[in-house]
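If you're matching them up, the sequences are chains A and B in order.
Under this note's numbering, think of the first position of the first sequence as 1, with each following residue one higher.
Under this note's numbering, think of the first position of the second sequence as 1001, with each following residue one higher.
If you're looking for bench data, these hints aren't it; they were derived computationally from the structure.
Don't be surprised by glycine CBs; every beta carbon is placed ideally from N, CA and C.
Any given hint could be a false lead.
Sample of chain B residues at the chain A side, in silico, Cβ under 10 Å [as the list claims (entries may be wrong)]:
1. V1004
2. F1060
3. P1061
4. L1090
5. G1109
6. R1111
7. T1113
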Amino acid sequence: GEDVEQSLFLSVREGDSSVINCTYTDSSSTYLYWYKQEPGAGLQLLTYIFSNMDMKQDQRLTVLLNKKDKHLSLRIADTQTGDSAIYFCAETPGKIIFGSGTRLSIRP
Amino acid sequence: DAGVTQSPTHLIKTRGQQVTLRCSPKSGHDTVSWYQQALGQGPQFIFQYYEEEERQRGNFPDRFSGHQFPNYSSELNVNALLLGDSALYLCASSPEWDGKIYGYTFGSGTRLTVV
Chain A
1 GEDVEQSLFL
11 SVREGDSSVI
21 NCTYTDSSST
31 YLYWYKQEPG
41 AGLQLLTYIF
51 SNMDMKQDQR
61 LTVLLNKKDK
71 HLSLRIADTQ
81 TGDSAIYFCA
91 ETPGKIIFGS
101 GTRLSIRP
Chain B
1001 DAGVTQSPTH
1011 LIKTRGQQVT
1021 LRCSPKSGHD
1031 TVSWYQQALG
1041 QGPQFIFQYY
1051 EEEERQRGNF
1061 PDRFSGHQFP
1071 NYSSELNVNA
1081 LLLGDSALYL
1091 CASSPEWDGK
1101 IYGYTFGSGT
1111 RLTVV
């Protein structure tokens, strides 16, 4: 079946690293995405990783993919208050299937 | 370069009414998908249009229908509105290359409230 799972909440201290985890189900997914949604806004594509890659780094963002375990993670280095948002993991077996989102909150 | 444009931004309807939401895709994008995002949930796939035809459909009733026009813009229609249809409706566009889809761009959504 189609199911992308994420933990619902994550709280980190400003300046620390945030790690958001996700598990997905469809091994045929070509791309795996991380989207960011700020309050009252649509979804912003943060980064993606192609299914034949293990890691992708993009400035403060690092994506790790473990295809064997169908596990995806997003690491945000030096987390800032502007990173407060809901982060969605998504897989693409043709259409995008989203997880329920992880709400990241930053404490001073 | 405008991204994905959705209208209206907010809408209030009464149970049983019908609603039409509109989406203009990003320039150069020919595939349009619609998503429903209930409060506190992730977006749920409604359907996808390509070449003016519905290509894929999620688990939504026939009350949800759509259309894509020759200029790639799209409409989402919902008939016989229920309170449970209250949600943020998101449109996403993408280019289609070699039958695969890369890089969806989302609009800011239409917030529909059914009373």
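* Numbers of unmet hints, in rising order -> 2, 3 and 7
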